[in-house]
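Q: Spelled out from the first residue to the last, the chains are:
2 protein chains.
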Amino acid sequence: MADEVKIYRNWSSPYGLRIVWALDIKGIEYENIFEDLSQKSPQLLQYNPVHKKIPVLVHKGKPICESLVILEYIDETWKETTPLLPKDPYEKAMARFWAKFVDDKLLPSVWSVFTEKGYEAKKEALVPAMQNLEFIEEQLKGKKFFGGENIGYVDLALGWIAYLLDVFEEVLNLKLFDADKFPLLSGWMKNFCDAPAIKQHLPPRDKLVTKFQLFHEKFQTAN
Amino acid sequence: MADEVKIYRNWSSPYGLRIVWALDIKGIEYENIFEDLSQKSPQLLQYNPVHKKIPVLVHKGKPICESLVILEYIDETWKETTPLLPKDPYEKAMARFWAKFVDDKLLPSVWSVFTEKGYEAKKEALVPAMQNLEFIEEQLKGKKFFGGENIGYVDLALGWIAYLLDVFEEVLNLKLFDADKFPLLSGWMKNFCDAPAIKQHLPPRDKLVTKFQLFHEKFQTAN
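Those protein sequence lines, which keep their order, are chains A and B. Residue numbers are given in UniProt numbering: position 106 of the first sequence equals residue 106, and the series is strictly consecutive. Residue numbers are given in UniProt numbering: position 57 of the second sequence equals residue 57, and the series is strictly consecutive.
Just so you know, the hints here were simulated from the structure itself, not pulled from any lab data. Being a predicted model, the structure only gives us computed values, none of them experimental. Fair warning: there could be bad hints in the mix.
A pair holds if it fits inside one copy or across any two, identical chains being indistinguishable in the list.
[Claimed, not checked] Listed next, the in silico DSBU-like pairs over lysine-lysine satisfying Cα-Cα at most 30 Å (straight line):
#1 Lys60 to Lys87
#2 Lys175 to Lys26
#3 Lys87 to Lys40
#4 Lys26 to Lys53
#5 Lys117 to Lys141
#6 Lys60 to Lys123
#7 Lys6 to Lys218
#8 Lys79 to Lys211
#9 Lys40 to Lys190
#10 Lys218 to Lys92
#11 Lys100 to Lys62
#12 Lys60 to Lys40
#13 Lys199 to Lys117
#14 Lys62 to Lys181
#15 Lys218 to Lys26
#16 Lys117 to Lys181
#17 Lys62 to Lys207
#18 Lys92 to Lys207
#19 Lys141 to Lys211
#20 Lys117 to Lys62
#21 Lys87 to Lys181
#22 Lys141 to Lys60
#23 Lys92 to Lys123
#24 Lys144 to Lys62
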C-alpha cells in the first residue's frame, strides 16, 4: 500500500535523498511530503520532537528519524529485495564505520570550506577535507561501488559528494576536487549519478547553485 | 580462545567501558590492552589510522573502531548469548536513535557544562543538558533498563552518566542532577551500577575525581 510509507523531506537535502534513493532501489512505494524548513509542519515537529529535522520516515504511522538509522530500518524491514548492507558482521561493521565517518568527519570538513570566510581560510580548510577524501578513495580500490557491484549503504551516505561538490566549486569559484588525484572516486561519482534510482531524484543543478549562492553570501557577511 | 578478542582502551574512557561491559554481559573472553593516550602504541595507530582513538576491538586479527559500531558487531557475531539490541526492526531503530542521541547531543551538552568557564556560563550550559536528560527520562517509563528487563545497547551507551555525573558534581562543586526531577533515571543509575558485569569494571572514583580535577583546571585556565 502506497500510503504505508511516507517520507518527510525537502527538495535538496542529501539526508532526505538517501532515503528516497534507498526506497527506489528496493522498489518500495512511498509518498513524498515536502517540508518548508522555514515553517516546519506540525506533523514533522510531532514526529521528530528531539531534533525537529527532516528526514522522517513514517511507516504504518510510526516515525523513524536520523537518515542512517532510517536506512538500516529500511534494509531490515524489506530484506527480501536488494540488500543495502552486507550480511557478514565484519563487512557490516566496516560499512557502518565509513558511513559514520562521512557524517562525522568528511561532511563537516567539506562544509567548513564552504563556510570559512575568504580565500586563504578556505584553502586552509581544504587540507583536512582532502585528507578525508583520500580515506574514501582508498576504500574504493577494486570496487565499482562501496557496496561492491551494487549501490549500498555507504554509497547512499556519500551520495551528496556526487551532486554537490561541483555546485560548491561554482559557488565558491574554487577547485575542490581534482579527478586526477581521485580517479576511483571520480569514476564512482559518474556511476552513482548514472544509476536510474539515483538520477531521477537528483535536484536541478541551477536551483542548487542559486540556493547555495544565497547560503554562501549569508556566511560571508555574518559576524 | 582468549587471544581471539582484544580490546584497546584506557582505564577511564566510557567508550572503552561500553565494550568490556558488552563482552562481559555476553560472557566472551578477551584481553585488555591498556593504552597510554599521551603516547599511543603503534598497534593502536595501525588499527585505527582514521581517528587514532580508543576503543578498538580486534577479533581474529581484524580491527573494528567506533564504540557503537563495535557494540553492534559484538551483538551480531555472538548472537546466541544475551542480545543487546531488540530483534524487531522498529525497536532496533529506536535503540539506534537514542544511542546516537546520547553521543551526538547529550554527551556534548553535559561536557560543555564541564568545559564552560565560570559559574554563570556553566549554569547556562546546564539548560540544554537538562532538556536532553528529560528526553532520556521519558524513555525509561515502564522499564527497568532501556533494554527492558536486561541491560542493552542504549544502557551501555548511556553508562557514563551512571558513574561520571556525580564525579563532575564534586569537581565542579555544582548540582547537575536532581534525583527528584529524574526519578526513573536515578533508579536506572543504581540498577545499572549494581549489575555485576558493570560494577566490576567501574573505575575507582577517587582516581576519576583527580583526573577530572586536572582536566577542569586546564579548561578554566585555557585561553
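Q: Against each hint, give a clear statement of whether it holds in the structure.
A: Verification of the hints:
1. For a Cα distance limit of 30 Å, the shortest separation of Lys60 from Lys87 qualifies both inside one copy, at 26 Å, and across copies, at 18 Å.
2. Taking CA atoms no more than 30 Å apart as the test, Lys175 paired with Lys26 passes in neither setting, with 36 Å inside one copy and 51 Å between copies.
3. Taking identical chains as interchangeable, the C-alpha atoms of Lys87 and Lys40 are never at most 30 Å apart, the minima being 38 Å within one chain and 33 Å between chains.
4. When the C-alpha separation of Lys26 and Lys53 is checked against a cutoff of 30 Å, the pair qualifies only within one copy, where the shortest distance is 24 Å, while the shortest distance between copies is 36 Å.
5. For a Cα distance limit of 30 Å, the shortest separation of Lys117 from Lys141 qualifies neither inside one copy, at 35 Å, nor across copies, at 47 Å.
6. When the C-alpha separation of Lys60 and Lys123 is checked against a cutoff of 30 Å, the pair qualifies neither within a copy, at 48 Å, nor between copies, at 42 Å.
7. With identical chains, the CA atoms of Lys6 and Lys218 are never at most 30 Å apart, being 33 Å at best within one copy and 49 Å at best between copies.
8. With identical chains, the CA atoms of Lys79 and Lys211 are never at most 30 Å apart, being 37 Å at best within one copy and 47 Å at best between copies.
9. In this homomeric assembly, Lys40 and Lys190 never come within 30 Å of each other (Cα to Cα): the closest approach is 34 Å inside a single copy and 40 Å across copies.
10. Taking identical chains as interchangeable, the C-alpha atoms of Lys218 and Lys92 are never at most 30 Å apart, the minima being 40 Å within one chain and 40 Å between chains.
11. Taking the shortest alpha-carbon separations for Lys100 and Lys62, both the intra-copy value of 25 Å and the inter-copy value of 19 Å come in at or below 30 Å.
12. Taking the shortest Cα distances, Lys60 and Lys40 sit within 30 Å of each other inside one copy (22 Å), while across copies they are farther apart (49 Å).
13. In this homomeric assembly, Lys199 and Lys117 never come within 30 Å of each other (Cα to Cα): the closest approach is 33 Å inside a single copy and 50 Å across copies.
14. For the identical chains of this complex, Lys62 and Lys181 are inter-copy neighbours only, at 29 Å across copies versus 45 Å inside a copy, given an alpha-carbon limit of 30 Å.
15. For a Cα distance limit of 30 Å, the shortest separation of Lys218 from Lys26 qualifies neither inside one copy, at 39 Å, nor across copies, at 52 Å.
16. Within a single copy, Lys117 and Lys181 get their C-alpha atoms as close as 26 Å, which meets the 30 Å cut-off; across copies the closest is 44 Å, which misses it.
17. In this assembly of identical chains, Lys62 and Lys207 lie within 30 Å of each other by CA distance neither inside one copy nor across copies; the values are 32 Å within and 45 Å between.
18. For a Cα distance limit of 30 Å, the shortest separation of Lys92 from Lys207 qualifies neither inside one copy, at 36 Å, nor across copies, at 37 Å.
19. Taking the shortest Cα distances, Lys141 and Lys211 never come within 30 Å of each other, neither inside one copy (34 Å) nor across copies (43 Å).
20. In this assembly of identical chains, Lys117 and Lys62 lie within 30 Å of each other by CA distance neither inside one copy nor across copies; the values are 42 Å within and 42 Å between.
21. In this homomeric assembly, Lys87 and Lys181 never come within 30 Å of each other (Cα to Cα): the closest approach is 32 Å inside a single copy and 44 Å across copies.
22. Within a single copy, Lys141 and Lys60 get their C-alpha atoms only as close as 40 Å, which misses the 30 Å cut-off; across copies the closest is 23 Å, which meets it.
23. For a Cα distance limit of 30 Å, the shortest separation of Lys92 from Lys123 qualifies neither inside one copy, at 35 Å, nor across copies, at 42 Å.
24. With identical chains, the CA atoms of Lys144 and Lys62 are at most 30 Å apart between copies only, with a shortest distance of 24 Å across copies and 35 Å within one.
This entry does not satisfy hints 2, 3, 5, 6, 7, 8, 9, 10, 13, 15, 17, 18, 19, 20, 21 and 23, going by the numbered hints stated previously.
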